[in-house]
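Colleague: Turn these sequences into a full structure, and let the hints steer you where they fit.
As you go down the protein sequences, you meet chains A and B in turn.
Numbering-wise, the first sequence is residues 1 to 253 according to my numbering.
Numbering-wise, the second sequence is residues 1 to 646 according to my numbering.
If you are wondering where the hints come from, they were derived from the structure by calculation, not from laboratory data.
Check the hints yourself; a few may be wrong.
Stated by the list, open to error - Think about it this way: if two alpha-carbon atoms lie no more than 27 Å apart in a straight line, the pair counts; the simulated DSSO-like pairs of lysine-lysine are:
#1 B:K497 x B:K564
#2 A:K7 x B:K500
#3 B:K299 x B:K646
#4 A:K17 x B:K298
#5 A:K17 x B:K299
#6 B:K298 x B:K201
#7 A:K8 x B:K646
#8 B:K550 x A:K4
#9 B:K512 x A:K4
#10 B:K391 x A:K7
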Amino acid sequence: MADKILKKLNIVVWRQKDAKSKGRFETYAIENISQGSSFLEMLDILNNNLIEKGIEPIAFDHDCREGICGMCSLYINGHPHGPDTEVTTCQLHMRKFDEGDTITIEPWRSRAFPVIKDLIVNRSAFDQILQAGGYVSVNTGGVPDGNAIPVSHEDAEEAMDAAACIGCGTCVAACKNSSAMLFVSAKVSHLAKLPQGQVEAKNRARRMVAKMDELGFGGCTNTGACEAECPKSISISNIARLNREYLSARFSE
Amino acid sequence: MQNLDSKIPGGPLAEKWAKHKAAIRVVSPANKRKLEIIVVGTGLGGASAAASLAELGYNVKAFCYQDSPRRAHSIAAQGGINAAKNYRNDNDSVYRLFYDTIKGGDYRAREANVYRLAEVSPNIIDQCVAQGVPFAREYGGLLDTRSFGGVLVSRTFYARGQTGQQLLIGAYQALNRQIDQGNVKMYTRHEMLDLVVIDGKARGIIARDLVTGEVRRFGAHAVVIASGGYGNVFFLSTNAMGSNGSAAWQCYKKGAMFANPCYVQIHPTCIPVHGDQQSKLTLMSESLRNDGRVWVPKKKEDAEKLRQGKIRPNDIPAEDRDYYLERRYPSYGNLVPRDVASRAAKERCDAGFGVNSEGKAVFLDFSDAIKRLGRSVIEERYGNLFQMYEKITDVDPYQEPMQIYPAIHYCMGGTWVDYNLMTTIPGLYAIGEANFSDHGANRLGASALMQGLADGYFILPYTIGDYLAGEIMTPKTDTNAPEFVETENRVLSRLEKLMKVRGTKPVDYYHKALGHLVWEYIGMSRNEAGLKKAIQEIQSLRKEFWGNVKIPGELNNLNQELEKAGRLADFFDIAELMARDALNRKESCGGHFREESVTEDGEAKRNDEEFAYASVWEYSGEEKEPVLHREPLTFESIKLSQRSYK
Numbered sequence: 001m002a003d004k005i006l007k008k009l010n011i012v013v014w015r016q017k018d019a020k021s022k023g024r025f026e027t028y029a030i031e032n033i034s035q036g037s038s039f040l041e042m043l044d045i046l047n048n049n050l051i052e053k054g055i056e057p058i059a060f061d062h063d064c065r066e067g068i069c070g071m072c073s074l075y076i077n078g079h080p081h082g083p084d085t086e087v088t089t090c091q092l093h094m095r096k097f098d099e100g101d102t103i104t105i106e107p108w109r110s111r112a113f114p115v116i117k118d119l120i121v122n123r124s125a126f127d128q129i130l131q132a133g134g135y136v137s138v139n140t141g142g143v144p145d146g147n148a149i150p151v152s153h154e155d156a157e158e159a160m161d162a163a164a165c166i167g168c169g170t171c172v173a174a175c176k177n178s179s180a181m182l183f184v185s186a187k188v189s190h191l192a193k194l195p196q197g198q199v200e201a202k203n204r205a206r207r208m209v210a211k212m213d214e215l216g217f218g219g220c221t222n223t224g225a226c227e228a229e230c231p232k233s234i235s236i237s238n239i240a241r242l243n244r245e246y247l248s249a250r251f252s253e
Numbered sequence: 001m002q003n004l005d006s007k008i009p010g011g012p013l014a015e016k017w018a019k020h021k022a023a024i025r026v027v028s029p030a031n032k033r034k035l036e037i038i039v040v041g042t043g044l045g046g047a048s049a050a051a052s053l054a055e056l057g058y059n060v061k062a063f064c065y066q067d068s069p070r071r072a073h074s075i076a077a078q079g080g081i082n083a084a085k086n087y088r089n090d091n092d093s094v095y096r097l098f099y100d101t102i103k104g105g106d107y108r109a110r111e112a113n114v115y116r117l118a119e120v121s122p123n124i125i126d127q128c129v130a131q132g133v134p135f136a137r138e139y140g141g142l143l144d145t146r147s148f149g150g151v152l153v154s155r156t157f158y159a160r161g162q163t164g165q166q167l168l169i170g171a172y173q174a175l176n177r178q179i180d181q182g183n184v185k186m187y188t189r190h191e192m193l194d195l196v197v198i199d200g201k202a203r204g205i206i207a208r209d210l211v212t213g214e215v216r217r218f219g220a221h222a223v224v225i226a227s228g229g230y231g232n233v234f235f236l237s238t239n240a241m242g243s244n245g246s247a248a249w250q251c252y253k254k255g256a257m258f259a260n261p262c263y264v265q266i267h268p269t270c271i272p273v274h275g276d277q278q279s280k281l282t283l284m285s286e287s288l289r290n291d292g293r294v295w296v297p298k299k300k301e302d303a304e305k306l307r308q309g310k311i312r313p314n315d316i317p318a319e320d321r322d323y324y325l326e327r328r329y330p331s332y333g334n335l336v337p338r339d340v341a342s343r344a345a346k347e348r349c350d351a352g353f354g355v356n357s358e359g360k361a362v363f364l365d366f367s368d369a370i371k372r373l374g375r376s377v378i379e380e381r382y383g384n385l386f387q388m389y390e391k392i393t394d395v396d397p398y399q400e401p402m403q404i405y406p407a408i409h410y411c412m413g414g415t416w417v418d419y420n421l422m423t424t425i426p427g428l429y430a431i432g433e434a435n436f437s438d439h440g441a442n443r444l445g446a447s448a449l450m451q452g453l454a455d456g457y458f459i460l461p462y463t464i465g466d467y468l469a470g471e472i473m474t475p476k477t478d479t480n481a482p483e484f485v486e487t488e489n490r491v492l493s494r495l496e497k498l499m500k501v502r503g504t505k506p507v508d509y510y511h512k513a514l515g516h517l518v519w520e521y522i523g524m525s526r527n528e529a530g531l532k533k534a535i536q537e538i539q540s541l542r543k544e545f546w547g548n549v550k551i552p553g554e555l556n557n558l559n560q561e562l563e564k565a566g567r568l569a570d571f572f573d574i575a576e577l578m579a580r581d582a583l584n585r586k587e588s589c590g591g592h593f594r595e596e597s598v599t600e601d602g603e604a605k606r607n608d609e610e611f612a613y614a615s616v617w618e619y620s621g622e623e624k625e626p627v628l629h630r631e632p633l634t635f636e637s638i639k640l641s642q643r644s645y646k
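Modeller: Written out as structure tokens, the structure is:
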């Protein structure tokens with residue numbers, strides 16, 4: 001079936017030359033977008049139109065375009081990753097929009113994610129949090145057989161649910177406090193649910209939370225926006241598990 | 001001519017690796033601390049290598065063009081990872097995995113490398129479990145497996161349809177631990193643009209900081225290329241948008257020979273192309289062929305009605321469906337290897353049985369599996385893939401069959417390496433998809449993850465020591481050496497040249513044009529006239545690109561168009577070498593299908609007498625024809641035979 005063509009759309013987009021410059025919104029019109037196209041394909045077309053007019057194209061992060069690498073971001077019409085549920089921006093399709101719509105696109109807004117250019121932000125704080133203990137301390141080689149330690153089906157599935165986090169930053173962008181608790185709790189839960197990760201669970205929770213605080217993320221006030229907007233449906237119950245791990249780590253100090 | 005010594009150790013196949021490890025040199029811990037290694041790319045190969053090398057005590061500098069090492073495109077691998085564990089008691093073994101891989105590769109890979117890959121495969125699973133990779137588990141708590149194309153056993157370990165993601169997160173965690181400990185210095189948003197060679201040895205790289213635009217020098221005692229494949233030469237592919245062949249290509253221009261560029265894999269189950277606004281293709285995992293059945297209508301008039309939207313697939317009764325893979329290949333059925341499945345789909349569509357409006361799609365149907373197992377089992381196995389399909393196509397695959405069509409997915413060809421994974425430049429290594437070594441002319445499903453991690457965790461950390469043992473007296477590389485200055489100047493002048501074209505057409509225009517050419521002439525089906533035409537057209541398109549591309553913005557700022565232009569400039573050259581290689585190989589094998597070399601029933605026909613070799617290409621200068629070297633493939637353990645999956 002042929003997809004419907006959106007004859008005209010208005011794109012209002014955040015433009016910012018670099019980290020130091022002041023940003024502003026610009027409005028561009030775009031024509032003849034297939035509803036079967038992805039949101040980023042629409043931006044590709046807009047960018048090529050801009051290039052032909054001699055305007056610098058809009059810089060945005062993207063890579064796999066399959067919803068798994070976590071590189072794409074974009075705050076679209078007030079929602080991280082746009083109006084569809086359980087998708088990243090690269091998997092958002094233009095059938096979610098109508099003829100004549102005005103679409104507003106902003107970068108993630110958080111002090112911990114400073115804008116680099118246009119819609120691109122610096123999310124290296126996430127890497128730094130994970131570097132502070134978001135791993136199991138094993139070297140390559142000398143490990144037991146994969147079947148030596150049984151893991152219940154339910155634990156493996158729950159660990160997998162948490163491990164599905166793609167590190168895109170939606171949770172921070174959606175939170176009014178810019179809290180990274182959902183992100184941190186996903187890693188803490190993923191590893192705490194498995195016997196291999198349990199050994200260091202307490203220390204991991206303590207170190208990662210300290211790093212998160214140090215990097216300027218806000219506190220969690222349980223509004224649940226992170227879970228509602230998360231493209232991978234990471235559950236807020238992970239935050240409860242993180243709190244449990246963290247508290248028991250503090251008590252055992 | 002340079003030396004093409006593959007350094008395959010002597011002795012029986014099963015003992016080669018053990019004997020080799022015993023014979024090669026080892027660097028003492030005190031000396032490792034003095035040695036620096038650069039790793040380019042942080043996918044499964046790069047991240048596992050960087051982490052393992054740092055654990056050993058080397059000083060590692062790792063580079064990726066993404067904003068985080070976790071985003072490398074290994075993350076998108078879906079179905080699983082093979083390992084010869086024989087947990088299923090189904091008569092799997094190191095030998096069987098080795099044999100399946102050689103046969104799947106249509107007898108165009110090195111026996112010794114493939115055997116070693118099979119041999120270390122069980123260790124990979126153990127390592128990943130220890131890192132906390134949440135593999136699927138049975139109810140008794142043990143690891144679950146499933147089956148993949150081209151094999152008769154169940155040896156594929158998986159984490160839902162996100163195995164690549166989970167394995168990469170495992171390697172990324174190991175890498176993070178080394179970053180935390182100060183043993184790895186991580187450079188994100190940095191792209192390698194050239195290799196620095198001093199006195200014939202790899203000594204460093206020139207990389208561009210993609211945020212500031214600054215071109216920088218980095219020195220080391222050895223350089224490891226783990227930058228993946230060149231599939232984006234096709235423009236539309238299942239690769240990430242930024243995946244590129246430039247790191248490997250710059251090494252080629254510095255003397256690292258390039259092998260079998262014409263071996264690219266067309267994956268049979270991708271979501272079909274829609275219209276002309278598309279930027280990339282999405283894979284639907286091969287694992288789906290465990291439970292999905294591939295079909296087209298038996299009657300052309302039904303196909304016609306489907307194309308016009310007059311009927312839906314569920315309107316066609318079972319007796320009017322042609323399950324052509326089960327019909328043609330009864331013993332492997334829907335699980336034939338990728339090259340075979342892709343060609344069979346193309347054959348049906350070319351014959352007029354395609355089912356979407358463009359006539360370029362076949363069905364992958366789960367209704368029987370849902371009836372047999374229930375929806376919840378299918379959801380648990382493939383839930384994320386079904387969701388992805390629905391989001392892209394707006395069709396619910398639980399209710400109606402998926403539409404699929406082949407698309408470019410993986411490159412078997414790559415930088416030539418010897419048994420130590422060293423290229424023809426001493427001190428330069430290539431691992432994972434970036435090298436050519438293990439998959440011959442066709443890769444089996446779930447083997448890319450296996451190879452990337454085998455190279456990074458268990459092979460390179462041993463073999464690189466043999467070279468570095470000879471470098472312990474070499475001081476830290478001086479990045480003010482004339483070779484660094486000269487290479488940096490060359491990089492800068494190329495970037496400036498691109499910026500100065502100031503033509504009229506954006507980079508994407510040329511990339512799409514190149515993609516059309518490559519798909520048409522160097523895609524699923526190739527012939528002499530088409531390949532010759534391709535070479536000419538690529539050359540004239542490249543000329544037009546260099547004369548008319550338009551790159552706005554600045555050199556010294558974040559400039560995504562400039563990044564794309566640099567990568568595309570190399571894709572033109574890679575495409576031309578692919579065509580030359582395909583032209584030279586007048587046989588069909590694996591993913592390389594020459595219309596002139598076909599069996600009576602339409603299968604790929606190899607010619608072992610003339611072509612049982614790896615084609616190894618040596619750069620001989622701008623606008624000059626490259627020189628072909630041949631590395632003969634000798635088979636001691638396996639008898640060559642025409643591949644059959646019937």
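Colleague: Determine for every hint whether it applies to the structure shown.
Modeller: Okay, the hints, checked on the actual structure:
1. For the hint linking K497 (chain B) to K564 (chain B), the alpha-carbon distance of about 14 Å falls within 27 Å, and the restraint holds.
2. For the suggested pair K7 (chain A) and K500 (chain B), the alpha carbons sit about 35 Å apart, so the restraint of at most 27 Å is broken.
3. For the hint linking K299 (chain B) to K646 (chain B), the alpha-carbon distance of about 24 Å falls within 27 Å, and the restraint holds.
4. Between K17 (chain A) and K298 (chain B) the CA atoms are separated by roughly 58 Å; this puts the pair beyond 27 Å, and the hint is violated.
5. Distance restraint check for K17 (chain A) and K299 (chain B): the Cα-Cα separation of roughly 58 Å exceeds the 27 Å cut-off, and the hinted pair is therefore not satisfied.
6. A distance of roughly 60 Å separates the Cα atoms of K298 (chain B) and K201 (chain B); the hinted pair therefore is violated under the 27 Å criterion.
7. For the hint pairing K8 (chain A) with K646 (chain B), the CA-to-CA distance comes to about 53 Å; that exceeds 27 Å, so the pair is violated.
8. Restraint check for K550 (chain B) and K4 (chain A): the C-alpha separation of about 31 Å exceeds 27 Å, so the hint is violated.
9. For a cut-off of 27 Å, the pair hint linking K512 (chain B) to K4 (chain A) stands: about 23 Å separates their Cα positions.
10. Of the supplied pair hints, the one linking K391 (chain B) and K7 (chain A) holds, its CA atoms being roughly 22 Å apart against a limit of 27 Å.
Violated hints, in rising order: 2, 4, 5, 6, 7, 8; the structure is consistent with all others.
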